[in-house]
Structure formats: C-alpha cells, structure tokens
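In the order they appear, the protein sequences are chains S and X. Okay, so the first sequence: first residue is 1 according to my numbering, each after it adds one. Okay, so the second sequence: first residue is 1 according to my numbering, each after it adds one.
Don't take every hint at face value.
Mimicking DMTMM-like on lysine to aspartate or glutamate, the simulated pairs with C-alpha atoms at most 20 Å apart in a straight line are [said to hold, decoys possible]: (1) S/111 - S/153; (2) S/107 - X/44; (3) X/34 - X/45; (4) S/107 - S/153; (5) S/48 - X/44; (6) X/48 - S/34; (7) S/48 - S/38; (8) S/154 - S/115; (9) X/48 - S/33; (10) S/107 - X/63; (11) S/48 - S/4; (12) X/34 - S/104; (13) S/145 - S/131; (14) S/154 - X/30; (15) X/34 - S/153; (16) S/145 - S/115; (17) S/154 - S/104; (18) S/48 - X/63; (19) X/48 - S/30; (20) X/48 - S/13.
Just so you know, the hints here were simulated from the structure itself, not pulled from any lab data. None of the values given here were measured: they were computed from a predicted structure.
Chain residues, written in single-letter form:
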Amino acid sequence: MPIDGAVRQAVLDAVPRLRAFAISLCGNIDRADDLVQETLLRALANIKSFQPGTNMSAWLFTILRNHFHSEYRKRRREVEDVDGSYTESLKSQPEQLGHVEFGEFRKALVKLPADQREALVLVGAAGFSYEDAANICGCAVGTIKSRVSRAREKLTELLSIESTEAFGPDASTRAVLASGRD
Amino acid sequence: MKDRKPEPEPPMAETTSSAHKGPGIKLGRDIQAKIGQQLRAMYDDVVKQGVPDRFTELLNQLDAGDHKGKR
Chain S
1 MPIDGAVRQA
11 VLDAVPRLRA
21 FAISLCGNID
31 RADDLVQETL
41 LRALANIKSF
51 QPGTNMSAWL
61 FTILRNHFHS
71 EYRKRRREVE
81 DVDGSYTESL
91 KSQPEQLGHV
101 EFGEFRKALV
111 KLPADQREAL
121 VLVGAAGFSY
131 EDAANICGCA
141 VGTIKSRVSR
151 AREKLTELLS
161 IESTEAFGPD
171 ASTRAVLASG
181 RD
Chain X
1 MKDRKPEPEP
11 PMAETTSSAH
21 KGPGIKLGRD
31 IQAKIGQQLR
41 AMYDDVVKQG
51 VPDRFTELLN
61 QLDAGDHKGK
71 R
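Isolated chain X (complex conformation) (with noise of 0.2 Å):
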C-alpha cells in the first residue's frame, strides 16, 4: 500500500441520478449537497470527541508490557 495524496472529493452534484432528469434535477443537486454536509456533520462530531482516555491507557499498558491481552 503506498502513500497516496488524498484525492480532491467529488462534487456530489456530479453523481446526480440519471432517474432524476427533468424537474428533478436541481432537487437531486440541492439534496447531494446537503448528503455531504450531513455526512461529513456526523462523522466529524465523533472525531471532535478526541481520543478518549481508554485508548491512551491501553496504548501505555501496551507499552509497560502489562496488558491482559483481553478479547
């Protein structure tokens, strides 16, 4: 797996359905956009939450060489 830069996102207006030609393609527009913003909305609000001390914690036990190894 080699480091790659991170593509530019796609528009979301370019996937517009095919099926929604006609008056329906502003609204599938409108409505690709907001598909983004709430997505990147909800996946954001959990990365806002940081690292939440388990992790650290494990990380530390992990290195101390004290972890139980628990499944």
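Isolated chain S (complex conformation) (with noise of 0.2 Å):
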C-alpha cells in the first residue's frame, strides 16, 4: 500500500497533537499510542474518503475520537484514572507551573463527565473552532459551546475549593464558591 508523499507528512504531522488529545481522552500514553496507531492504520485505509484541501487533521482527530468511544470506553475502568498512569506518565512538567498546582488540575480536569472534557481539551488546547470540535464530536456547535462552558464552570469550582491557597481567595468568596458545590 504505497503512501502518497503528502499525506505521508500531513499524518505524521498530526501524531503529535493526536497523541495530546488520546491522552486527555484514555488517560494513559501506552493506550494512547495504541489508539493513535489504529487511528493510523483507520485513516490510511480509508484515505479515498478524506477530500484533498479538507482539514486533514480535523479528519484525523475525527477517526480517533470515534475508535475511541466505540472501542475504548466499553472498559470503563480503565478511562479514569485520576492518580494512576496518567499522572505518572506525564512526569516532566513545564517548568512554569509548580507541580502541586499541575497535579490538581489534572485531578479536577479527569472528574469532568468525558464529552465536556474532550470538547475543552479541542477548543481550550487542541485551538479547534467549535464548529471544527462540533464536526469532531458528531454533535450540535450550540452542545459543544455549552460542553466547554460547563466544563470550564466545574474546573473553576473544583480549583476554588482545591487550591485556595494558590489563589488566595478570602473567606467569604470561599463560602460562596462551597455553597454553590454538588
């Protein structure tokens, strides 16, 4: 099956973001790359469907998004992981943020139901748009806004009362933010 030259690059490109992207999704890089792989071995076999000029890596993101929740998220147990391989595979952090600070955020992102949270990470990181991230999701642009919205409501719920310190809210701001949990 010889590989056109550019659609070669184009997916080799995209690997990468793909990687980021099956992480925040299965939570665990081994299985990330093996859904990054069948995401590969998908998309090439079925290179005659994707339009050349089209969003190559919105295609992309497409096939594993969709092998992933017919394939991956049967084992349930295995999707959130919230102190496990995740945590351990992600073990350099940028140098910017203190690790404390990091590991809580990762805490709070994998308590989000799965739909918000991957319709955050392709508009809040990926930089889709949200009719790209709708496209991606097989779902409305209106489910999709809304799914970043809420998702960014419990973050900040979760990081209020989580890293009080980090942000240093005063007690009263405490009391509102406590009041307005689950």
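Make one complex out of these two single chains by using the hints.
Right under this line is the structure:
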C-alpha cells in the first residue's frame, strides 16, 4: 500500500497532537499510542474518503475520537485514572507550573464528564473552532459551546475549593463557592 | 468537512459562571486564566514529545506493504 508523500507528511505532522488528544481521552500514554496507531491504520485504509484540501487534522481527530468511543469506552474502569498511569506518564512538568498545582489541575480535569472534557480539550488546548469540534464530536455547535462552558465552570469550582492557597480567595469567596458545590 | 480558519480562542474569562457573581467574579477570572494556561501546558507537553519512532516505522511498513495488520 504505497502512501502518497503529502499524505504521509500530513499524517506524521498530526501525530503529536493526536497523542495529546488521545491521552486526554483515555488517560494512559501507552493506550493513547495504541489508539493513535489504530487511528492511522484506519485513516490510511480509508484514505479515499478523505477530501484533499480539507482539514486532515480534524479528519484524523474524528477517526480517533470515534474509535475511542466505540472500542475503549466500554472498558470504563480504564478511562478514569486520577492518580495512576496518566500522572506517571507526565512526569516532565512544564517549568513555569508548580508540580502540586499541575497535579491538582489534572485531577480536576479527570473529574469532568468525558463529553465535557473532550470538548474543552479540543477547543481550549487543541485550538479547534467550535464548528470543527462539533464536527469531530458529531454534535451541534451549541452543544459544544455548552459542554465547554460547563467544563470551565466545573473546573473553576473544583480548583477554587482545592487550590485556595494558590489563588488566595478570602473567606467569604470560599463560602460563596462552597455553597454552589454539588 | 470544509477547511476552515481556526477561530481565535475565546478568552477564558468570558465564561465565568453566573453563579460566581459578586465576590467570586475576580477569582473566577483568575481561575479561568489558570485553566486555559494549564490545559494548554498539559497538551503542549505531549505535543513537544514529537513523533515517536513507532509511528514513523508504522508508516514505513505500510508504505512497503509488509504491515501485518496488528489489531
């Protein structure tokens, strides 16, 4: 199966971002790499369904996301990994962020419902438009906006309570935030 | 799926929860900014790892037609 040079380059260029997205979905670097590999095999086997000139990256993200939900989400216990291998997989922390703070953020992120987390990652980290994110997730643009908004609210709530020292709210603010907690 | 220019990312502060009005609103903005920063940092941390060899090798194998179709 000879691979067109431009296709090969576009696929390879997308791999780092596919891995980052895959890890946010399945929470494990090894499984994420398997997910990316299966995505590439599927994509190249169906390359004729890709329209040249359209967004290759969004097309690959769609395949990866659909594959994840059809195959991986069945094994639910492996999806939520608050303190396990996801944490282990990301030992190299960005220098500007404290380790404790970064760990708290990851723990808060995995507490989000999966649909909210993937919407937030696609828009807030991967840089997709709401429209592209909606195409990738197979839902309406308004649904994506709603999920992103709820994800941010929930994270704000979680981080406000868990990181009061980092963010320094006064006691009355804490009381207001705590009263809104589920 | 058409090719689109990515829209500029909306500022995180815009979506401060309406439930956090009053004393919480500045805190909400601060945390929204932190959320955006940490989300991108976490994502970029993986992106910066580049392309692991296994994927280059996979494409080489597929290109040569000798991939066994591992599932």
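How the hints compare with the structure:
1. S/111 - S/153: 12 Å, holds
2. S/107 - X/44: The given pair, whose Cα atoms are some 18 Å apart, holds under the 20 Å limit.
3. X/34 - X/45: With a Cα-Cα distance of about 16 Å, the restraint between residue 34 of chain X and residue 45 of chain X holds, given a limit of 20 Å.
4. S/107 - S/153: OK: residue 107 of chain S and residue 153 of chain S at ~15 Å, within 20 Å.
5. S/48 - X/44: Violated, at roughly 31 Å.
6. X/48 - S/34: The given pair, whose Cα atoms are some 19 Å apart, holds under the 20 Å limit.
7. S/48 - S/38: 17 Å, holds
8. S/154 - S/115: Holds, because 13 Å separates the two Cα atoms, which is no more than 20 Å.
9. X/48 - S/33: Holds, because 15 Å separates the two Cα atoms, which is no more than 20 Å.
10. S/107 - X/63: 40 Å, violated
11. S/48 - S/4: Cα-Cα ~11 Å, so holds.
12. X/34 - S/104: 12 Å, holds
13. S/145 - S/131: Between residue 145 of chain S and residue 131 of chain S the Cα gap is close to 9 Å, so the pair holds against 20 Å.
14. S/154 - X/30: 14 Å, holds
15. X/34 - S/153: Given that 20 Å is the threshold and the Cα spacing comes to 13 Å, the pair holds.
16. S/145 - S/115: Holds: residue 145 of chain S and residue 115 of chain S sit about 12 Å apart, inside 20 Å.
17. S/154 - S/104: Roughly 14 Å separates the two Cα atoms, so the pair holds.
18. S/48 - X/63: 16 Å, holds
19. X/48 - S/30: Distance of about 17 Å is within 20 Å: holds.
20. X/48 - S/13: Distance ~12 Å between residue 48 of chain X and residue 13 of chain S Cα, so the pair holds.
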